[in-house]
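Participant: If you want the building blocks of each chain, they are given just below.
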Amino acid sequence: MQTDLSVQCVSKTFGDFTAVDNVSFEVPQGEFFSILGPSGCGKTTLLRMIAGFTAPSRGKILIREEDMAGVPPNRRPANLIFQHLALFPMMTVAQNIAFGLQRRREKRSDIQQKITRILERVDLPGFEDKAIDQLSGGQKQRVAIARCLVLEPAVLLLDEPLGALDLKLREQMKVELKKLQAQVGTTFVYITHDQSEALVMSDHVAVMNQGHFEQVDTPQNLYHQPQTSFVSRFVGDNNAWSGVVKRCEAETVDIETPSGQHFRTRATAPLTPGTAVDLFLRPEAMIIQPAADLPNLNRFEVIVKSLLFDGANSRLLANPLNDDTELLIALPQNRQFDHIRRDDRIEVAWDEQSGICFASSE
Amino acid sequence: MTMKRRFHITLPLICFLTPVLLWLVLLIVLPHVDLLRMSLRAEDDYGNAIWSFSNYMAFFQEPIYWLTFVRTAVYSIMVTVMTFIVAMPVAFYITKVVAPRFQGFLMMLLLMPFWVSELVRVYGWMILLRESGVINHFLTRMGILNQPIEMLYNDVTMVMGLVYTSMLFMAVPLVSVLESLDDSLIEAACDLGANMGTIFFRIVIPHAMPGIVSGSIVVFMLTLGNYLTPNMIGGKNALWFTEQIYNQFIASFNWNQGSAFGFLLLVLSSLVIWAGLKLTRQKLSRVVQ
Numbered sequence: 001m002q003t004d005l006s007v008q009c010v011s012k013t014f015g016d017f018t019a020v021d022n023v024s025f026e027v028p029q030g031e032f033f034s035i036l037g038p039s040g041c042g043k044t045t046l047l048r049m050i051a052g053f054t055a056p057s058r059g060k061i062l063i064r065e066e067d068m069a070g071v072p073p074n075r076r077p078a079n080l081i082f083q084h085l086a087l088f089p090m091m092t093v094a095q096n097i098a099f100g101l102q103r104r105r106e107k108r109s110d111i112q113q114k115i116t117r118i119l120e121r122v123d124l125p126g127f128e129d130k131a132i133d134q135l136s137g138g139q140k141q142r143v144a145i146a147r148c149l150v151l152e153p154a155v156l157l158l159d160e161p162l163g164a165l166d167l168k169l170r171e172q173m174k175v176e177l178k179k180l181q182a183q184v185g186t187t188f189v190y191i192t193h194d195q196s197e198a199l200v201m202s203d204h205v206a207v208m209n210q211g212h213f214e215q216v217d218t219p220q221n222l223y224h225q226p227q228t229s230f231v232s233r234f235v236g237d238n239n240a241w242s243g244v245v246k247r248c249e250a251e252t253v254d255i256e257t258p259s260g261q262h263f264r265t266r267a268t269a270p271l272t273p274g275t276a277v278d279l280f281l282r283p284e285a286m287i288i289q290p291a292a293d294l295p296n297l298n299r300f301e302v303i304v305k306s307l308l309f310d311g312a313n314s315r316l317l318a319n320p321l322n323d324d325t326e327l328l329i330a331l332p333q334n335r336q337f338d339h340i341r342r343d344d345r346i347e348v349a350w351d352e353q354s355g356i357c358f359a360s361s362e
Numbered sequence: 001m002t003m004k005r006r007f008h009i010t011l012p013l014i015c016f017l018t019p020v021l022l023w024l025v026l027l028i029v030l031p032h033v034d035l036l037r038m039s040l041r042a043e044d045d046y047g048n049a050i051w052s053f054s055n056y057m058a059f060f061q062e063p064i065y066w067l068t069f070v071r072t073a074v075y076s077i078m079v080t081v082m083t084f085i086v087a088m089p090v091a092f093y094i095t096k097v098v099a100p101r102f103q104g105f106l107m108m109l110l111l112m113p114f115w116v117s118e119l120v121r122v123y124g125w126m127i128l129l130r131e132s133g134v135i136n137h138f139l140t141r142m143g144i145l146n147q148p149i150e151m152l153y154n155d156v157t158m159v160m161g162l163v164y165t166s167m168l169f170m171a172v173p174l175v176s177v178l179e180s181l182d183d184s185l186i187e188a189a190c191d192l193g194a195n196m197g198t199i200f201f202r203i204v205i206p207h208a209m210p211g212i213v214s215g216s217i218v219v220f221m222l223t224l225g226n227y228l229t230p231n232m233i234g235g236k237n238a239l240w241f242t243e244q245i246y247n248q249f250i251a252s253f254n255w256n257q258g259s260a261f262g263f264l265l266l267v268l269s270s271l272v273i274w275a276g277l278k279l280t281r282q283k284l285s286r287v288v289q
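Respectively, the protein sequence lines represent chains A and B. So in my numbering, spot 284 of the first sequence is number 284, and the numbers just go up one at a time. So in my numbering, spot 210 of the second sequence is number 210, and the numbers just go up one at a time.
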């Protein structure tokens with residue numbers, strides 16, 4: 001399969017500060033690729049290098065096998081959707097969309113046709129003559145996408161375009177954007193700090209931290225098989241313990257926490273006894289009041305601190321006995337545990353295979 | 001809002017409105033009414049004061065008057081255009097190119113000459129440009145000129161002086177309007193394949209239009225009504241219409257004729273500004289904001 005975008009060992013330094021540190025990745029044609037990271041991790045700098053607004057300090061960027069070094073943004077087959085969309089307020093919807101086509105000196109009748117077609121595609125037929133400030137947030141979003149897609153770029157770059165929308169619209173646009181991408185088949189490179197956006201829409205996600213990629217993987221793998229403690233912390237909710245390795249055999253380790261709890265869990269790499277580790281566990285991996293005969297469980301008792309009701313995403317906030325670590329425990333949806341109240345003492349457990357630990361970085 | 005807001009006359013309203021109304025009535029409306037009255041008065045053959053259009057007729061019958069008038073208008077438009085051409089890159093540089101911490105400093109540099117009066121600034125130009133001035137001195141020293149030449153008292157110098165004088169009044173509205181231009185609009189245009197020229201004419205200029213028009217109005221009116229600069233470095237061949245008005249009032253002591261000229265200048269500037277607004281499709285209410 002053709003590779004639409006290939007980033008090879010790209011770095012960007014500003015004085016002493018390294019914004020992007022030796023990043024490499026490839027995006028095959030038609031893929032939805034996300035770069036997920038906290039603000040200030042260098043993802044915007046990386047995107048601007050691909051778009052051509054910033055030159056990399058080292059490394060190469062290839063779009064459709066062509067080296068982009070020295071090619072200005074107006075000559076690159078990549079288009080960028082800006083965070084605040086940057087629609088031209090002095091033009092109508094049609095003029096905005098025609099802007100790029102006119103720059104290519106396409107025929108007037110062709111431009112007309114393409115505008116009509118792309119507006120239908122983004123579900124805004126008949127919006128040609130509307131002014132930009134007449135549009136709602138979601139409509140502006142779609143015009144911005146149409147303005148780029150009409151140019152049929154090899155790669156469409158999106159810089160947190162959903163950030164400015166309210167929650168409800170954001171959820172809706174997430175699904176729409178994924179559907180649209182599947183329809184048009186253009187390669188999308190999407191950057192965001194919102195892990196749910198990245199997980200829902202992407203084929204592959206790169207988790208970025210302090211200028212480098214921590215892990216590039218499918219959303220499923222990022223969630224279930226994180227490779228670093230940063231990925232565990234950043235992608236999805238997690239309960240975290242610190243502890244020390246007591247025993248290690250193959251990929252199973254015994255851990256003792258500072259408060260004297262013992263857990264058995266898996267590790268991504270063999271760990272020598274005495275190593276300080278961070279242990280991560282998903283809230284939904286906790287089993288409340290497990291049957292007594294279930295094997296291979298880490299069992300312990302907790303005191304319920306509060307009930308966090310949030311529909312399908314309801315949880316318990318609890319402390320282990322003689323420990324003030326806060327634990328999130330997902331509540332199953334069958335209302336089986338409706339009797340649990342604040343300050344109740346309950347037994348919880350988790351399977352040895354559902355936790356994961358990493359040597360702690362400190 | 002479809003409901004019309006009721007207008008109540010309250011004490012605070014009176015307090016705020018009184019100075020404005022006094023200023024409008026005493027300093028603007030009354031003098032102009034008197035000016036209009038005076039411009040329509042003349043003496044008949046017996047020396048009696050009568051109502052007449054003769055002052056206005058004199059303007060059209062005497063070529064020197066209306067030629068000066070047209071000249072003043074054409075040069076003022078020229079000065080406005082040139083001020084824009086000079087001020088636009090300066091404003092763009094200050095707002096979009098230079099690092100933000102230097103912006104204040106550069107604005108200061110732009111403002112500095114305006115701390116001294118126009119008279120002193122014009123004298124400054126005269127020291128530089130006159131026959132025995134600084135520039136002539138250096139040019140003859142370096143052997144570029146055999147003998148000093150007179151650079152003052154011609155139209156080119158006068159236009160340059162007027163542009164210099166009005167520069168700030170164009171630059172300030174341009175800076176403020178360009179500051180409100182989102183950089184990502186420029187980047188987006190570039191990303192969509194536009195070159196520098198297209199970005200300038202399709203994005204920057206349309207966005208800056210209210211600032212351009214308000215700066216142009218100020219510069220045009222100041223230039224049209226300028227007396228000092230044309231008089232001092234324009235010399236005797238470079239007549240400006242304000243000089244005609246001055247001559248009527250002070251030299252000929254013909255206040256009626258002077259009033260008529262004053263009114264004609266007012267009509268002229270209003271007409272040109274109206275045409276300018278129509279041409280650029282701007283609304284006065286938006287421009288003065």
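What the hints contain is simulated information worked out from the structure, not anything from laboratory work. Hints are supplied without guarantee of correctness; some may be wrong.
What the hints assert, rightly or not - When the alpha-carbon atoms are kept at most 25 Å apart in a straight line, the in silico SDA-like pairs for lysine to any residue are as follows: (1) A:K130 with B:K96; (2) A:K130 with B:E187; (3) B:K283 with A:D129; (4) B:K96 with A:F88; (5) B:K278 with A:F88; (6) B:K96 with A:R48; (7) B:K283 with A:F14; (8) B:K96 with A:D129; (9) B:K278 with A:T92; (10) B:K96 with A:F14; (11) A:K107 with B:T198; (12) A:K107 with B:K96; (13) B:K283 with A:A55; (14) A:K60 with B:T198; (15) A:K107 with B:M196.
Participant: Does each hint fit the structure? Answer for all of them.
Facilitator: Going through the hints against the structure:
no. : hint               : verdict
1   : A:K130 with B:K96  : 30 Å, violated
2   : A:K130 with B:E187 : 23 Å, holds
3   : B:K283 with A:D129 : 22 Å, holds
4   : B:K96 with A:F88   : 18 Å, holds
5   : B:K278 with A:F88  : 23 Å, holds
6   : B:K96 with A:R48   : 18 Å, holds
7   : B:K283 with A:F14  : 45 Å, violated
8   : B:K96 with A:D129  : 31 Å, violated
9   : B:K278 with A:T92  : 21 Å, holds
10  : B:K96 with A:F14   : 20 Å, holds
11  : A:K107 with B:T198 : 18 Å, holds
12  : A:K107 with B:K96  : 34 Å, violated
13  : B:K283 with A:A55  : 43 Å, violated
14  : A:K60 with B:T198  : 29 Å, violated
15  : A:K107 with B:M196 : 22 Å, holds
Comparing the model with each earlier hint shows violations of hints 1, 7, 8, 12, 13, 14; every other hint is respected.
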